[in-house]
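Peer 1: Those sequence lines, one after another, are chains C and L. Position one of the first sequence corresponds to residue 1 (UniProt numbering), numbered consecutively onward. Position one of the second sequence corresponds to residue 1 (UniProt numbering), numbered consecutively onward.
Keep in mind the hints are simulated off the structure, nothing from the lab. Quick reminder that beta carbons are idealized off the backbone N, C-alpha and C, glycines included. Please note: incorrect hints may appear among the correct ones.
[Stated by the list, open to error] DSS-like, lysine-lysine: derived pairs with alpha carbons at most 25 Å apart:
{"id": "1", "chain 1": "C", "residue 1": "Lys464", "chain 2": "L", "residue 2": "Lys397"}
{"id": "2", "chain 1": "L", "residue 1": "Lys57", "chain 2": "L", "residue 2": "Lys397"}
{"id": "3", "chain 1": "L", "residue 1": "Lys111", "chain 2": "C", "residue 2": "Lys75"}
{"id": "4", "chain 1": "L", "residue 1": "Lys57", "chain 2": "L", "residue 2": "Lys381"}
{"id": "5", "chain 1": "C", "residue 1": "Lys459", "chain 2": "L", "residue 2": "Lys358"}
{"id": "6", "chain 1": "L", "residue 1": "Lys50", "chain 2": "C", "residue 2": "Lys459"}
[Said to hold, decoys possible] Partial selection, computed: residues in chain C whose CB lies under 8 Å from chain L:
{"id": "7", "residue": "His87"}
{"id": "8", "residue": "Glu110"}
{"id": "9", "residue": "Glu114"}
{"id": "10", "residue": "Met115"}
{"id": "11", "residue": "Gln132"}
{"id": "12", "residue": "Asn449"}
{"id": "13", "residue": "Pro567"}
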Amino acid sequence: MDALIVKADAIQPFSQKRKSNKKSSPGDPGPSSSSKAHDQTWKSIVKQSSIPKSLRPTKSLPDGVVLKHNHIANKKLRAELVKTSSHIAQSKALLEDAEFLLTGEEGKMEVEGEMERTWRVGQTEIEQGAGQEAAKGRREFRLEGGPYRSRYTRNGRHLAIVGKTGHTATFDWQTGMLHTELQLQETCRDITFLQDHSYFAVAQKKYVFIYDRDGVELHCLKSHIEPTRLEFLPYHWLLVSIGNAGYLKYQDTSTGQLLVEHRTKFGSCTTMTQNLHNAVIHLGHQNGLVTLWTPNLPHPAVQLLSHLGPVSSVSVDPSSGGRYMATAGKDGTVKVWDCRNWKGTVREWSVRGTGDTEVEWSQRGSLAVASGGSVNVYSPPSIHTPLPGHTQPPLYLTHPIPSRPLTSLRFTPFQDILTVGHSAGLSSILVPGAGEPNFDSTEADPFENKKARREKEVKSLLDKIQPDMITVDPDFIGGLAPVSKLTTNQTHQGKPSHPVEVPFARLSRMERLKIQGKADETEVVEGGEDGEGYKKDKEERERRRMRGKGKSLKRYLRKQRKNVIDPAAVAIRAKLEKQKQERKQEILKKRAEAAGVSLPGSGKVSALDRFKRST
Amino acid sequence: MVKISLIQHDISSHIPRRPGDPTPTSRNLDPNMHPFARARERTRALNAAKMDRIFAKPFVGALEGHVDAVEVLAKHPDSVTNIASGSWDGGILVHHLSQRQQLLKLPQAHKGKVSGLCFADDSRLLSCGVDRNVKIWKIDGDSDHPLSVLPGKAAINSIDHQRSSPIFATASNLVHIWDETKTAPISNLTFPASTETVTAIRFNLSERSILASLGSDRTFALYDIRTSKPERRVVMQMRANSLSWSPTMPTSVLLASEDHNLYTFDIRHLAEPTMIYKGHVAAVMSCDWSPTGTEFVSGGWDRTVRIWQTGQGHSPEVYHTKRMQRVTATLVTTDARFVLSGSDDGNVRIWKTKASEKLGVVTSRERASMEYRSSLVNRWKVDKEVGKIARTRHLPKPVYSASKLKTTMLEARRVKEERQRKHTRSGESKPKAERKKVVLVEQS
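The following block holds chain C by itself, in its conformation from the complex:
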């Protein structure tokens, strides 16, 4: 028996450990017996065991990175939290290491001389300077059939184009392989790919149609009437459309059901874009409003008066995690907004030329603005820096296109290419530094083969996010739950250091009523904390009480004082309160007049008041 206990003392029993911890003061440097025992155990283990090389920490973390969570009393929870935060810090450090492994080089354009400007460099010069292979991106598609709109797949490999009069085509633009070419022979207003290049949706004269890669019509979505713009939310598998009637409709393309339709109440809408980082739909309206929509709200999450006159184009910056939004209006201005704080613009400037202005952000944060007969590109740091006044940011690149109007702008993902749709077809221009050089194969791979595409489709269906999880703040998932209203922070045995959350069911009746907002708190007395003060206060009030005024009403109220909200009693109470306030104001005013000083709350305050002599 004793032998067992002696042997087992290598690991201290819990009770003794606790005592020894209490005895040793924090300043005591001497090693306690428990730490010695720990060392022995550690030594015996460390000889035989080692962590695999791949799992060893690459570098020691600096102090303060790992949170200590000292404020948490529960030891198990604290240990768990410390473990988690050290893991997070470790993986952050590893993330920095991983940046060395990115091999792709971003495009750039730099001028040497002081007086030279990048915008003076034309497309022919860029073509010559970039090399033959890269210059393949510079193309001109001369096409009949009205102004064109275009859309790339997420991996940037395939392009879908649609003309106003119904010419539709999808193709692999790099190899030049045409998937399909259709003459729909009716008005087509927009086109979008679904999850990948194997399906695309076209907003036609009356309905939205879905075609497969070979151009076979698969579905006619009759619930989307007279659509003007289409968006596809890839992680939610939702096809979103807005039409002339002003209805925003969400269709789940994995189950086929029409999820929800919102009546915007702002009339016909021809401007829509999505925020890639939170799947919120941005709409621009005829009255200058920009509204942000989610499927689970019947009204806009944000409503913003951005322009005087119709909004012609909206775009959200993908490089900053959806932080910046650019809008262009028919009033001839382009504005950049901060989506976290809607108070005023970050920048705004006027553009030359008439007609609709188009805006589009690239993956690396370059902003393209098409207005009149030219496309201007502005580069990131200057667009994001707030600047008051109407100053145009420094121009990075400009390119004139004679065939007006310019109707669509699309940057190619993972390329330095901007595709402009106009009345005579499409032209692709080279914008060095616009695209992200390093793609991620798990998200979008331009070089994926058939098998990888199929696997990705299945995986992304499995990972499909439920549409009701779309919110303006995507980080709410996995965040801390808001404190429940049905609990209170009662202190445990009067100790302020350990607030205890008491469940609703265990609260007293008064507290439950208080939380529910049903308690009648009219009898709360100010200054009633200690008995003495309370008594005094009561006496004072008793002395001051004006007898005979409104007595019947007050008596009625006194009788009504129960923990029931009675609308009549509430109204009378409010009335009495109002009368009391008015009387108070009256008295104050009179006093002030008597003193000859105008009251700051009442009447006009003059700057000269300070020179008045007080009597």
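With the hints as your guide, set chain L onto chain C.
Peer 2: Showing chain L alone in chain C's frame:
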């Protein structure tokens, strides 16, 4: 002069070099490239939790052969497959688990029920019964005659053998220590002035001379056979039905109590249990540690088998079938992958320890994805939906309603006590911690 460069993807580094090569992948860990990372991970965790429940098919098979209720199960300490079971009709069966065959069949080993079984070296089996005899059997021999019969004076309730020595102990109205070579007990151990019946007895697994026993008058006692005297004893609120020493923590012992709970005690500090495991809705009849020491199994009068994680006193894994009656004996096999339960219906059932574990060959990719899934569920278990799916277990209706009733009763009792406390003078009656209620008195 201007310097111009454009993005150029090197195609040769993104397509396989030769046919048959894996396609090269590239990674970019920039969070901007991975929108909805958290939301997607949560969806994955939700799917993982659902898949875990879909594949949860814990029942492997039943070993038949007994005519009456199974009373006791014993595992061979040196073998993964050999299991012995004894029943109320006096029959003993030795099963081979992987072949599901009976290695030895002794239909009339004892008169009356077989109350204890244990394995000894050289594949010998010791059994005892209420017919006052201890019998020693040879497993691999064909004869159904015992090697030896040691007569006792009273009905024997439990037996345990020391590893690698001829000493064993039996429990009747007192604890007898036997030597296999002698026909009479070499010593008796009992507390002075105790009239109890000893119901269970186990040797410590690392310190072989330490012996723990349970008595019918709610006691748990420790003896040292070298001094041949009792060391310590505690009287508890309710009696315990079964005990098991931890295979990894030599000072820790597990008791299955009549009051629906399991308790772990540190034998250095018997005043209160180190942990209470609550979940059963009737008396716990048996318990056994997994050889890893991280989990243990218990079987109860409520017709369920439950698997507990050490240190987590609630929400165990629950196994039940329609035909399984009161579980009287449980075991974890020596490879910790299977759980055995013997019940009143006369069957010994084999269950998986991890309900959704796949039996058979698992490829490394499959294993990696299973590990990923389990860590996802673990990470997102605080999420409402994921946690609910991962936590919820289907219970038979009587068990479910009993557990609801039990919660209601306990809650009512708690409220009543609280009210009583509110209306007595402050400080007069203090709430007592649940752990301190267990042990009534400690004697030595």
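Peer 1: Confirm or reject each hint.
Peer 2: For each hint, the structure was consulted:
For the hint linking lysine 464 of chain C to lysine 397 of chain L, the alpha-carbon distance of about 36 Å lies beyond 25 Å, and the restraint is violated. Our distance criterion of 25 Å between C-alpha atoms is met by lysine 57 of chain L and lysine 397 of chain L, whose separation comes to about 19 Å. Note on lysine 111 of chain L and lysine 75 of chain C: the hinted pairing is violated, with a Cα-Cα distance of about 55 Å set against a maximum of 25 Å. Distance restraint check for lysine 57 of chain L and lysine 381 of chain L: the Cα-Cα separation of roughly 21 Å lies within the 25 Å cut-off, and the hinted pair is therefore satisfied.
Between lysine 459 of chain C and lysine 358 of chain L the CA atoms are separated by roughly 22 Å; this keeps the pair inside 25 Å, and the hint holds. At roughly 16 Å between alpha-carbon atoms, lysine 50 of chain L and lysine 459 of chain C fall within 25 Å of each other, so this suggested pair holds. Proximity of histidine 87 of chain C to chain L is violated relative to the hint, the smallest CB-CB distance being about 10 Å (cut-off 8 Å). A least Cβ separation of about 5 Å between glutamate 110 of chain C and chain L falls short of the 8 Å threshold, and the interface hint therefore holds.
Given the 8 Å rule on beta carbons, the hint for glutamate 114 of chain C is violated: about 13 Å separates it from the nearest Cβ of chain L. For methionine 115 of chain C, the interface hint is violated, since its Cβ never comes within 8 Å of a Cβ in chain L; the closest pair sits about 12 Å apart. With a least beta-carbon distance of about 11 Å to chain L, the hint placing glutamine 132 of chain C at the interface is violated under the 8 Å criterion. The interface hint given for asparagine 449 of chain C is met, as the beta carbon of that residue sits about 6 Å from the closest beta carbon of chain L, less than 8 Å.
With a least beta-carbon distance of about 35 Å to chain L, the hint placing proline 567 of chain C at the interface is violated under the 8 Å criterion.
Violated hints for the displayed structure, listed by number in ascending order: 1, 3, 7, 9, 10, 11, 13.
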